[in-house]
Amino acid sequence: MRAVPEDRKFVIADQNSYPADLVCPNPRGWYHSVANVVATPSGLVAVYRLSDSHSAVSTHIMVAYSSDGGRTWDGHRSISHRNVWEHHSVWVAPQLSRLRDGRLVIICDLGQRTSGQDWPRLAFWQQSQRGMANYLLWSEDDGLTWSQPVQCDDVGGEPGYVVDLSDGTLVYTRTEPIATELFECPPPPGYSLYHRNTAVFSDDRGKTWNRTSTISDDPYHGDAEVGIVELEPGHLLAITRIGFANGAFGQPSRLIHSYDYGRTWNTPQLAPFYGQRTAVHRLRSGKLLVTYRNRWGTFASYAFAWDPGEELGFEPASFIWDETRCLLDKGSLTLTTDRAPENQVFFSLYPALTSRATVQMEAELRLADSSSEGCDLFAGCRVRITPHEISLTESSQEEAAFHSTTGVPQEGNGERPLPAHRFPLDATQWHKYKVVRTEGEIAVYVDGRLCLKAAARMSGARLVRFGSDLCGVSHWRAVSASIENPDGHSVNWAWRADSGSYPDQFRRDRMVRLDATADSGYSNWDQLEDGTIIIADYSNDEFRDANWTSSAQPKIKAYIVSEEELT
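If you count the sequence shown from 1, position 169 lands on 169 in the UniProt record's numbering, and the numbers rise without skipping.
I should point out that these hints are in silico values taken from the structure, not numbers from a laboratory.
A quick note: this is a predicted structure, and the numbers were derived from the prediction, not measured.
Be aware that one or more of the hints could be misleading.
[To be verified] Calculated pairs, BS3-like style, for lysine-lysine (alpha carbon to alpha carbon, straight line, at most 30 Å):
id, residue 1, residue 2
1, 330, 432
2, 432, 453
3, 287, 9
Could you build the full structure based on these sequences and the hints that come with them?
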């Protein structure tokens with residue numbers, strides 16, 4: 001895995017960055033998040049959120065400055081403070097931009113929250129009983145002084161950074177909650193909402209924001225936290241985060257083009273990465289660079305550079321915390337796994353969005369020996385392969401189902417669970433498995449022979465995935481899958497070990513990891529006149545295990561790299 005070297009990482013802000021009179025209400029210290037950086041004629045300016053925790057009760061929009069290219073930072077100070085006791089509100093996710101006229105602008109959503117209220121889901125927070133709004137803060141002196149926050153809408157919705165288009169228009173994106181009855185599994189009360197993403201325009205350089213257009217309106221993806229870049233005059237590219245189940249099913253980010261300055265948007269395309277809070281800008285070479293938090297998949301923040309003319313397509317996601325547990329050698333891929341989250345290995349393909357989807361997965365594999373607990377094939381159901389049998393267990397479809405909005409395991413839809421189906425087999429020998437899930441049926445074949453057949457009755461079964469979270473060793477020669485979604489994208493994907501490539505070879509070749517941590521990820525970046533790239537992100541050096549345990553609060557870091565190191 002390519003990664004930024006440790007000696008290219010510098011601290012922008014940590015617990016030692018503040019005067020004694022800036023008191024944190026959390027005894028564990030300050031929680032740093034949502035990092036931004038821009039280059040100005042006076043030096044670098046960083047903007048980030050300082051709070052007591054992720055689900056904050058006290059928040060500051062902070063600025064800091066660097067005059068040595070991002071290696072050291074000083075002048076840390078709050079330019080706006082909100083807390084639940086005095087202001088009955090908190091700042092959520094500030095985003096910083098530098099416009100062509102030299103002005104800096106921060107856009108940030110303010111969420112209403114009083115002491116005792118929870119930190120709700122975004123769609124709930126935007127409802128009238130709670131309420132959100134977006135605000136702008138302006139600077140005309142390279143970030144030394146800032147205006148008071150000025151409200152620009154009453155929607156909020158984790159806005160994207162402001163983009164200055166070539167025709168003088170300013171644009172940002174926001175997420176809006178929309179009710180739907182399309183989801184087949186009845187959601188809990190109040191959860192029948194999805195994310196629509198909207199572009200908001202100013203035709204008078206930021207004074208008013210009255211014009212909008214819809215970038216994406218798709219309940220099965222819920223595109224959110226969209227970053228925009230202008231490729232050529234009028235040609236915009238938007239890159240999305242998947243809000244549907246918070247990306248838990250394995251949908252990648254989507255690429256959406258506009259050729260009329262954002263007035264209309266084309267059909268989305270699947271990206272080869274799985275980004276949350278994507279920050280995409282153009283490098284001086286003309287290439288594009290996006291930074292993002294990786295979900296679904298191994299917890300990390302990544303950078304990815306590509307040429308605008310490059311044809312990008314679907315690539316699988318992978319959850320591999322320990323790369324030594326997934327090794328390609330002698331014509332097979334060997335997975336050495338156990339039940340601890342950091343020792344699991346899974347590859348995720350595009351999901352079956354509804355019960356009307358058809359999934360066909362084929363795999364050639366064997367278990368190393370009879371001591372192995374087994375491995376799994378998910379194809380809108382779960383087929384478990386153990387040393388002496390293959391099975392569709394009582395929970396096989398339920399385990400492949402997550403609620404469409406919450407991303408938590410589905411508790412069932414009132415139907416009886418699938419009866420157990422088992423077929424004796426020596427799975428320590430090489431076999432070719434095929435799983436076919438149609439709207440009404442699941443069929444499992446071994447070496448061309450039909451072995452298991454059952455009704456496909458779980459409408460929420462969506463996962464298409466392979467790997468293992470069981471103790472043992474498995475060897476894989478080939479995997480392929482065809483997913484046909486009448487309601488969305490369809491994907492055909494195939495991999496063979498004798499190709500000499502891993503299933504996630506694109507990630508290994510092209511993605512550059514900033515930090516491997518589960519607590520990171522709302523980043524942004526800029527490029528200096530000499531070509532140096534400065535990426536700002538929040539990261540937690542002591543949050544490296546996949547069990548989501550930590551003893552420290554995150555800090556803000558600068559990652560200083562060249563374009564050659566990212567391409």
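Taking the hints in turn, this is what the structure says about them:
A distance of roughly 18 Å separates the Cα atoms of residue 330 and residue 432; the hinted pair therefore holds under the 30 Å criterion. Using a Cα cut-off of 30 Å, the hinted pair residue 432 and residue 453 holds, with the two alpha carbons roughly 17 Å apart. Between residue 287 and residue 9 the CA atoms are separated by roughly 23 Å; this keeps the pair inside 30 Å, and the hint holds.
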